[in-house]
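Chemist: For reference, the chains in residue letters:
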Amino acid sequence: MIKFLTQIGLYFLLLKKVFSKPEKPSVYYRQTMREFVYLGLYSIGIIAIISFFMGAVITLQTAYNTENPIYPTYLIGLGCRDSIILEFSSTVAALILAGKVGSNIASEIGTMRVTEQIDALEIMGVNSASYLILPKIIATLLFNPVLTLISIIVGIFGGWMAGTLSGVITSENFIYGIQYAFIPYYITYSMIKTVCFAFIITSVSAFQGYYVDGGSLEVGRASTKAVVFSSVLILLFNVILTQLLLS
Amino acid sequence: MISVKNLNKSFNGNSVLNDISVTFETGKTNLIIGRSGSGKTVLLKSIVGLHTIDSGEIWYEDTLFNKLDFKNKKEIRSEIGMLFQGSALFDSLTVEQNVRFPLDMFTDKSPAEKNERVDFCLNRVNIINANKLFPSELSGGMKKRVAIARAISLNPKYLFCDEPNSGLDPITAILIDELIKELTEEYSMTTIVNTHDMNSVMEIGEKIIFISDGVKYWEGNKNEILISDCETLNDFVFANALAKKLRSKEK
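These protein sequence lines are chains D and S, in that order.
Mapping to our numbering: the first sequence position 178 is 178, numbers consecutive.
Mapping to our numbering: the second sequence position 119 is 119, numbers consecutive.
Bound-form chain D, shown alone (with noise of 0.2 Å):
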């Protein structure tokens, strides 16, 4: 018990350093904008390819679980859309970031730890802890939701696609099923949980790597821990988030 306090404490001082004012805005601009690259645009084609077959898996299924005549075919698009929009694009896709990029950023960091390249930016007066997870922070918060709106767009064409060439449904129905009853606010919902579970992938798994203690087996470790507790965080909090926001 004692263990998992003194981590929180540490998870919250490391959040207050990262925090404190930039040395040189210049600097963390462009360290932002390589992260943007690397977190956010080099997620895209994950994020879509899997987007793309949960969209069509979720279609087929709906499909095949309505097959009763009161049951209007449209219902399967409509069906497509809310689970994409409500459930896969904003936690599950959170989840598939958690191992693709929670996993990076823990290496990166506990490797730089490890190999005393972060001793060498104490040494030389740099904030290290804000140095490295700030931009990195600020990139997800901000291309999360941008990836979650690409996962909307692209699982909900797989969904046609599947629907469309299985024969389950026609494109008309399809269509006419994504546009009835549509409740804007679903897409605000995706949102707030888009950042909070970008914010917990990036300060969790930045928390792991910055406090590796060892050589390569821990940094392992710490990737695997980074993906495991961003994991179940973002399950806890979409819980929370759902009833906060929903209910």
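Derived from the structure by calculation, the hints contain no laboratory data.
Just so it is clear, CB atoms sit at the ideal spot from N, CA and C, and this is done for glycine as well.
Check the hints yourself; a few may be wrong.
[To be verified] Under the rule of at most 30 Å between Cα atoms (straight-line distance), these lysine-lysine pairs were calculated in the DSS-like manner:
#, chain 1, residue 1, chain 2, residue 2
1, D, Lys100, D, Lys17
2, S, Lys74, D, Lys16
3, D, Lys16, S, Lys132
4, S, Lys5, D, Lys24
5, D, Lys17, S, Lys45
6, D, Lys24, S, Lys74
7, S, Lys132, S, Lys109
8, S, Lys67, S, Lys114
9, S, Lys132, D, Lys24
10, D, Lys16, D, Lys225
11, D, Lys17, S, Lys74
12, S, Lys74, D, Lys21
13, S, Lys5, S, Lys181
14, S, Lys157, D, Lys21
15, S, Lys67, D, Lys24
16, D, Lys24, S, Lys73
17, S, Lys5, S, Lys114
[To be verified] Just so you have them, the derived chain S footprint on chain D, three or more residues with Cβ under 8 Å:
#, region
18, 23-31
19, 104-118
Given chain D's structure and the hints, the job is docking chain S onto it.
Modeler: Frame of chain D; chain S shown alone:
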């Protein structure tokens, strides 16, 4: 000048440095020697503030460094250059960007002035045509030289080197030693070098302290080290077969 007074440091109750007092002189290459695990690196990292000490005082000229807060420590740190055992170059930056990093972070020089300074520092350590290479593309000796170039880019008053020639062949090791000595004299820096390499000791040891098991046993220079009557020091200095033979011949 850097003075250390009655420095004590322990980890989880295990004493690593015990009542160390020493003065490191300006314009000289000061060496901390001792066996692996004797506490050399802990002492060096304590002096630069990477480890918080249990008790004692660390003075940079007239400033009590270990009592300063982060902001004031930063001022002193801007005058410190450090060469780490593994070079600690930033993997994601090229050679040129590594050397320019301190200039970007702490100066308002124009890009042209920064480039000029980077080129000067790289030339000074004999790194030519490697500006665009990444650290992973460099040899061990080149990495050390680039790390030295980065360390001197802000014209530091204090240079710290943690085992600068570990993992290098004897010829490259001598080149690195000579470079450190030349830079120390050129910029009149206070240089502290951690080493257990006796070649370095005989090459650049203007002031030497010997520590063993966290205790300072001996202090002197490279001429005095061979005639010392400190047994612990002699066991270290004459540990290899060649040194033993030479000593028995002399006797």
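Chemist: A separate judgement is required for each hint: does it hold in the structure or not?
Modeler: These are the hints, each one checked on the structure:
This hinted pair checks out: Lys100 (chain D) and Lys17 (chain D) have alpha carbons roughly 25 Å apart, not beyond 30 Å. Between Lys74 (chain S) and Lys16 (chain D), the direct Cα distance comes to roughly 18 Å. Compliance with the 30 Å bound is thereby established for this hinted pair. At most 30 Å may separate the alpha-carbon atoms for a hinted pair to count; Lys16 (chain D) and Lys132 (chain S) exceed this at roughly 36 Å. Distance hint between Lys5 (chain S) and Lys24 (chain D) is unfulfilled; the C-alpha atoms sit about 35 Å from each other, more than 30 Å.
Distance restraint check for Lys17 (chain D) and Lys45 (chain S): the Cα-Cα separation of roughly 21 Å lies within the 30 Å cut-off, and the hinted pair is therefore satisfied. For the hint linking Lys24 (chain D) to Lys74 (chain S), the alpha-carbon distance of about 14 Å falls within 30 Å, and the restraint holds. A threshold of 30 Å between alpha carbons decides the hint, and for Lys132 (chain S) with Lys109 (chain S) the separation of about 21 Å falls inside it, so the pair holds. Between the alpha carbons of Lys67 (chain S) and Lys114 (chain S) the distance comes to roughly 33 Å, so the proposed pair goes past 30 Å and is violated.
Only pairs whose Cα atoms come within 30 Å are accepted, and Lys132 (chain S) paired with Lys24 (chain D) is accepted, the gap being roughly 24 Å. Among the hinted pairs, Lys16 (chain D) with Lys225 (chain D) is consistent with the structure: their alpha-carbon atoms are about 22 Å apart, no more than 30 Å. Distance restraint check for Lys17 (chain D) and Lys74 (chain S): the Cα-Cα separation of roughly 15 Å lies within the 30 Å cut-off, and the hinted pair is therefore satisfied. For the suggested pair Lys74 (chain S) and Lys21 (chain D), the alpha carbons sit about 14 Å apart, so the restraint of at most 30 Å is met.
Note on Lys5 (chain S) and Lys181 (chain S): the hinted pairing holds, with a Cα-Cα distance of about 26 Å set against a maximum of 30 Å. This hinted pair checks out: Lys157 (chain S) and Lys21 (chain D) have alpha carbons roughly 27 Å apart, not beyond 30 Å. Restraint check for Lys67 (chain S) and Lys24 (chain D): the C-alpha separation of about 26 Å stays at or below 30 Å, so the hint holds. For the suggested pair Lys24 (chain D) and Lys73 (chain S), the alpha carbons sit about 18 Å apart, so the restraint of at most 30 Å is met.
A C-alpha spacing of about 38 Å is found between Lys5 (chain S) and Lys114 (chain S), which places the hinted pair above 30 Å, so the restraint is violated. Check result for the region 23-31 of chain D against chain S: holds, 4 residues qualifying (beta carbon to beta carbon below 8 Å, three or more required). Three residues within the 8 Å Cβ limit are the bar, and the region 104-118 of chain D against chain S gives 5, so the coverage statement holds.
Figure legend: structure checked against the earlier numbered hints; hints not met, in rising order: 3, 4, 8, 17.
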